[in-house]
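Below, each chain spelled out in residue letters.
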Amino acid sequence: MPPGLRVNAVAFISAQNHPIIVRTFSAQDETTIKYHYIAHTSLDVIEERVNAAGGKSTDCYLGLLYAMEDVAVYGYITPLKVKIVLALALSDSVVRDVEINMIFKALHMAYYSSISNPFLTHNDDSVDGSRTLTVGSTKWKNFRRRIDEIARVVGNPTSTSIGGG
Amino acid sequence: MAKKSVLVSYAGLPSFLLSSNWDQFKQTLLAQLPLRNIHWKSASRTSIRTIQELDVSLVPLDSIRDELTSQVPTSILEKPLLNLYIVTCENADLEAYRTTIKKQVKEWHATVSNRKNQEWMILHVVRPDAKTPSGTFFQLKGSVLDKLKADFNTDKRDRCMQLIWTTNPSMWGEFITKLKDGMLVAFEAAVAQREEEVKRSESQRQMPGWNFCTFFILKESLASSFEGVTLSDEALLQYDELEASFYQALKEKNLSWFGTLISPTSKDDSSPLLSISKKPYRDLILANTITVFDFRIYLLTRQCELLAQSGRTTEVCKKTSAFLGAFGRRLREVEKDLPRFFLQSWIYSSALSVVEQCDSWTSGLSDVQLAVLNAGKGELLELARNQLDLIGMNLGFLPQKPPFSNVWVPISTETKSTAKISNPQLLKALDSQDAFYEVYINTTNHAIDLYAKAGRRKFALKLHGSLAALDLHRGQLDVALTTYNSLPAHYAPHMWTSLESSMLQRALETHAALGKPKDREWIHILLSFLSTYASSSGADMLMKEDEKIAYISGLIDALKVSASELESDLPHPDHPAISTQVSSSATLAETRDGMYLDATVYNSLPCSLPIDEISVILTGRDSERQRFSIAVESLNPGTSQIRMFSPVSNAGTFLLESSEIRMSRLLFHWTHRRTSTPKVSRAGRTSGVLVRIPRDLQAFDVQLRQPPRVQFGQSPSMIVAVSTGRNEVSKAILKLSTSSVTFDCQDTSLHTDGSAEVEFTPDSIILSNLPRNHVVELLVPHSDVSVFNAMKVPIEVEYVTTAEISMTRVLRLSRIISTALPISVNVEDFFRGKQLFSKFTVSTLSHQHVRIASAVLEPPRIDDNKVRVVTSCSQKRSTATVTPSQPANFLFQIKSDGPVRDPLTLNIKYRMLREEVEFVIDMAIDEVLDTHPEWHAHRTQLHAKLIEMLESDASWVEIYSISGELDVPGSIVAPGELHEPIEKTKKILQSHQHPRSPQGPWHEISIPVDVPSMTSTYLYAGQPISALLSIHTTFHWGSHADDKQRQYSIQYDVEEMVKEWLVSGKKRGSFSAMDDTTFTVPITLVALHHGEFTLPRVVVSALPLQNELTMGSMSIPSTETYQVHGAEKVLILPRGGRSTFVLGMGST
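Top line first, the protein sequences correspond to chains A and B.
Okay, so the first sequence: first residue is 1 according to the UniProt record's numbering, each after it adds one.
Okay, so the second sequence: first residue is 1 according to the UniProt record's numbering, each after it adds one.
The shape of chain A in the complex, shown without the other chains (with noise of 0.2 Å):
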């Protein structure tokens, strides 16, 4: 794990493309905003992407989706298309998609043993348009450690390596 890569904001969207988590890193509070449209953009080129291999594609690391003044993108899908949208800090040097996609990973990992718990239920499908948990619901508390754990352990990979979730 190369140092300087520092992860901005994660944030993961339903198959149906709403979002569920949007968490931020970044210290100033009114950039928040930012990395709300950024993760609703990215919806676009992941779209692109998906349509662009046919749905034939098996492989869930769908690589930079575009870089943006300071921030670069990166976009993964779920086989159950739950989307991941990573943004990294951009740097002038080489980043290997291996490491993004392990990053990746575990960001899928977390939100697998997350959702795995039989009391979090978040919605998702409901047809009468009840309300989806979002960042705001406490019962989302654990995933929200785990990937504040990810994004720690990225920025400084000599800690310890990144867990399964």
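Everything labelled a hint here was simulated from the structure, so no lab data went into it.
Since this is a predicted model, take the numbers as computed values, not measurements.
Any given hint might turn out to be false.
Reference listing, derived: stretches of chain A covered by chain B, where coverage requires no fewer than 3 residues with Cβ under 8 Å from a Cβ of chain B [as the list claims (entries may be wrong)]:
#	segment
1	8 to 21
2	32 to 39
3	74 to 87
4	100 to 112
Simulated pairs of lysine-lysine, DSSO-like, Cα-Cα distance not exceeding 30 Å [unchecked claim]:
#	chain 1	residue 1	chain 2	residue 2
5	B	Lys318	B	Lys278
6	A	Lys81	B	Lys453
7	B	Lys319	A	Lys81
8	B	Lys318	A	Lys105
9	B	Lys319	B	Lys267
10	B	Lys319	A	Lys105
11	B	Lys319	B	Lys279
12	B	Lys251	A	Lys105
13	B	Lys318	A	Lys81
Positions of the beta carbon are idealized from the N, C-alpha and C atoms, including for glycine.
Since the structure of chain A is provided, determine the placement of chain B on it from the hints.
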């Protein structure tokens, strides 16, 4: 840059080369070029690379000097790949060959074959018009070609060939193939050698003295070689490896081979990015003085050119935008040394120039590729736009807040450099705010346009939002508001509440800034905003917690104010900020009419909500509605328990229909009843919330029942019983209405005695000052309902109690009253001389037992003929019971002096067994209550309980009907306080005996009975009709004159038409007929059913003559018969009842 052709040198006899023949030959040769479809199979590469098209330059050998003077490695194509020697003598001209040509060729061969990585080839050109010696076969010396081969072509490779010089391309085929082969061999060797050199150089990387720039030039020569043979991908690979190598150097922080990071020149920031002609990059690299800035641009440009060459223009955008972002970031480290806005200007100009460059490269892309390209260009333009954001914020043209500050990086304003940026567009924008905005809007619109073409809707939305923000900042509020109002809808469907709420928040701010009145539109925006807040629990609002609360409560206060200023009610459906849950059953108020319903209201806003009233509506059967409400000042955040009151009560199970919260004119409305769409119906989702409401036995109530006396032939009426229960009612207005029946309220009369103050108007009945526990019974006439068995009467009562004089309760009830009678009466009449016996059969129409106290046939009131009726029933006979299997018969004898025209009246007093038992119970209860007045409150419950106990078991019925003992089955355990009264009452009921004379209320039914009259005009079905059968015979037309004195034996037969007639009497017989006589026989006819049919047919035939034989057989006299009434039909009228007749079958 590198030439897209390979060199081929030529040589030949000087005399030939100078001749015009050579020029001709050269032209013909060039016409065969360029070479096509060259397949290069390299040993070091896994797959065959195909060169589609390759130009070949023919140069004279002398022009090529051995340029080993330069140490700089150049493309391997700088030197010829193939050397050609052209021999032009006759094929058989061995003499010429030996004397001159061989020497020349030998000289040339010596030069050429020593050259590294170059191939040679000798071409023997033969003129087609040259005389071909006929005897070549015998020329043992061989041809020139053979000689050439023998002399020079020593190895396996065939380097000598003959060409017959024509313009026919097929003749050239072999030559071209040989040319390709030769070149490829040389190319392969050259590449292999160069790759070896590169590899060696790379391996010396860690050694002192190794120079990245030298290495770069060496490796680049390989790349340009590949490019020269149009193998762009191969060339690109070299550059990509170089880039990786550069990053490696960067990582090792070893950039000593370069100059400074950047030494900006005046045009650096505005010149097109992808142009290698703008600076002598290669020289700078060779001199080791190139700046990293220039080096990176050079590398990028080469890569992009190659990408474009191989048709991968779409990747150019991606690569450049990543580069601009990444390298721009690096440059920021030295921003202080750069002119102000140099960096922004560079990125801006570069991005725009790349977009232009891409346009010039683009051709023949598919739709999909075009979309990708547009997306890439859009990204570049957005990048350029972001630079404008930075500049704008720095200059103060734009506010330093989102969305502009999304790209915020501090720009150091203090720069050491005094130089200025050079982009004219930006320079203009720096000076003038308007120019800046114009550039900003143009760039943004261009980006939006490209995103739209690329199908990136969400990117376009984001940019639209930023344009709105600009409008907002510039004070163009109307435009901003329109945009902000339209944007949330795009974010809503995917529940991006954060963005939606941000847009709505801006819309609110804009609205406020506009100073527009806070009207309906504003309220709608605000409510949408609050709903996004509620659906995300405020987490997505991107605001600090305390600010959030203050902000929201400020909005709520404003909402309250504007809601009260509305002119009419503004309903708002299904707002998610508040949710209501009601308990599953209501509780009775006990002390007054009405009931309470508990509910939990959850307010998910962070502040309390000032409201006026909360209400819910429950619906029951027949659209019965029950409205509960409570006036509430404010609704605190979180959960609040409320208890709503409904002043009237209808018992039963109700469905939660809707709930409402009123804030002045603003009406929040939730519909809880799911309109179930079959597609999404899931178990448990579609079913609504049920609320059970217990019956309030002490409440004001209205019941309907049949009047005790029903008279047929008069307008029907019903009894409306108004019971006040616990209330002292000061005024009650009663309205009855149903679509099928009209009520004649005006003709209502009081049924019970008592001095109730009643007023009747055409459509309502007004009762005043009713004391508590009082029942007023009203007899209301209504229109005929005999077509129905029962009718449903909706009743609406408004009543005011003296206890709560200010509250008008509106009770809506729906009562069902049976209009059918439980009994039916049939009559049979028997005429016996002057006496008429009428038998009335009374049977029950239901399964219930009916008790009949008496049945009396009354003569008409105005009696001219002194009708006397004698009943068969003895006065002693007590109550009769009619069961479904056992009807009761009542027989009357009627005598009269003359015809009876007026109907008699049959009066039956009856009641259902149930009514009788209820009466008995009431009596018993009264008896108990007399001794224990303290139980008075339980009276109704006691009654209900006992009935319930009786209903549970029917075993008491038999004993009761015989003796009157009412043995209440005690299987039901009564609640504590009722226990003793029930026991007491049961005891009394057990000792109950049927009274001698019937007691209690009875129903009375009066049926007018017409006395049947016997007239000949009417024939009734089932009625015996006396008839005479007359047969008239005449022999007038007989053959003999003396026939008139003769007698014939005639037989007659009344045909039985078994469907219509029963015939009694002598219906078959014989008589002796004489001329002009009539035979008469009486018969009785009984019509079997009503209708119109002919009389029975009569067949008449003559019997054979006794004494006469004709031709050996008995002779039969011929007869003709006609029936006088044969064509006539008689009308038989229907008649009720059943008749049994004994028929005489007659005799022959």
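These are the hints, each one checked on the structure:
1. 8 to 21: holds (count 4)
2. 32 to 39: Coverage by chain B holds here, the residue count being 5 at a Cβ distance below 8 Å.
3. 74 to 87: Coverage by chain B is violated for the segment 74 to 87 of chain A (0 residues, Cβ < 8 Å).
4. 100 to 112: The restraint on the segment 100 to 112 of chain A is violated, since only 0 of its residues have a Cβ under 8 Å from chain B and three are required.
5. Lys318/B - Lys278/B: The hint holds at about 23 Å.
6. Lys81/A - Lys453/B: holds (26 Å)
7. Lys319/B - Lys81/A: The given pair, whose Cα atoms are some 28 Å apart, holds under the 30 Å limit.
8. Lys318/B - Lys105/A: Holds, at roughly 25 Å.
9. Lys319/B - Lys267/B: Given that 30 Å is the threshold and the Cα spacing comes to 23 Å, the pair holds.
10. Lys319/B - Lys105/A: Distance ~26 Å between Lys319/B and Lys105/A Cα, so the pair holds.
11. Lys319/B - Lys279/B: Since the Cα atoms of Lys319/B and Lys279/B sit roughly 21 Å apart, the hinted pair holds (cutoff 30 Å).
12. Lys251/B - Lys105/A: holds (27 Å)
13. Lys318/B - Lys81/A: holds (25 Å)
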